[in-house]
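Work out the full structure, taking the sequences as your base and the hints as a guide.
Chains A and B are the protein sequences, given in the same order. Numbers 100 to 158, taken from my numbering, label the letters of the first sequence in order. Numbers 1480 to 1743, taken from my numbering, label the letters of the second sequence in order.
These are calculated hints, taken from the structure and not from any lab test. Treat the hints with caution; some may be incorrect.
Claimed, not checked - Footprint (simulated), chain A over chain B, 3 or more residues, beta carbon under 8 Å:
#1 1502-1510
#2 1586-1592
#3 1627-1636
C-beta atoms are modelled at their ideal positions from N, C-alpha and C, and glycine is treated no differently.
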Amino acid sequence: MNTASVSLGASVSSQSRLVQLALAALLGIFVVGFVGFSHIDAVHNAAHDYRHSMAFPCH
Amino acid sequence: MNLFRNVVFVAAIAGLVAGVVLACMQAYATVPLILKAEVYEKAGDGHHHDHAASTNNNATSSAAPADNAMSSAAPAPAEAAAPAEDEGWAPADGVERFAFNVVANIVTGIGFALILVAASEFAGGIGNWRQGVFWGLAGFAVFTLAPGLGLPPELPAMPAAELLPRQIWWISTVAATAIGLGLIAFRKSLPLAILGVALIVAPHIVGAPQPESFETAIPEGLHHQFVVAVTLTDLVFWLVLGAVVGVVRGRFTGTATSLRDSFA
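This is the structure:
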């Protein structure tokens, strides 16, 4: 309970911290990848304008 | 999993705010240019969506078997329902298309925020909005500037190389730039900084996949306007995202020394 007080998870062991941050990053990568890079047509069409506007490779 | 939950919470707020801001900017700055380009796309009919068209049959048959059955029984009404495009479901122009764009912005905004918050927590976390602005600049450099050098923002109907090699180059460039920036910023060592610069430069020496011909019906002025609009809207998005993460996270850590105690 007395680890760094200016952290988002103050009372977390360093190993568990690593795992949780890695999980959060992976979740973010998955979300961005699904919306921006999925080859499923319906997903492509739904996010079409977004893909162009973020300069993701499209078409 | 209390750290994970807090990261998700901060990212959700920041991604929601930045995503809505970006969607509003896109509605004025980029989407009108995409709509203009689609006029050329439809007039030229030629190359558009070759890749999508070839995978179309698989996607529709698995995603909408009912539609397929209906179209094989009665092809005429099915064609009438989708006269212009043969690419499966797409949101109708107007409000529906705008709404889906807003959703895409918010969802990926939260995705980018998750990556940003997680990465910054490794480096001690974003303490306030000004630090957040710099983290946002880094995100902009990694996710927009670097891949945009090799693969500039493109409008519909513009020629481009095969989709998959471009996606692979895009992802590799983003990864290499992120690692390179991290080495420069967080390792106080000259050789590692040089390695970082090399990592940032390398994807551009390899080169992005380019189309065989750059010939297009899209006027160059329109494309240039689009590149500027995309780059600036993305810049503002990243600055807002970083700043909001800084503010929200500051509220978290400012009100309680231990988040587990305050949010458990």
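The hints, checked one at a time:
{"no.": "1", "hint": "1502-1510", "verdict": "holds (count 3)"}
{"no.": "2", "hint": "1586-1592", "verdict": "holds (count 6)"}
{"no.": "3", "hint": "1627-1636", "verdict": "holds (count 7)"}
In terms of the numbered hints stated before, the structure departs from none.
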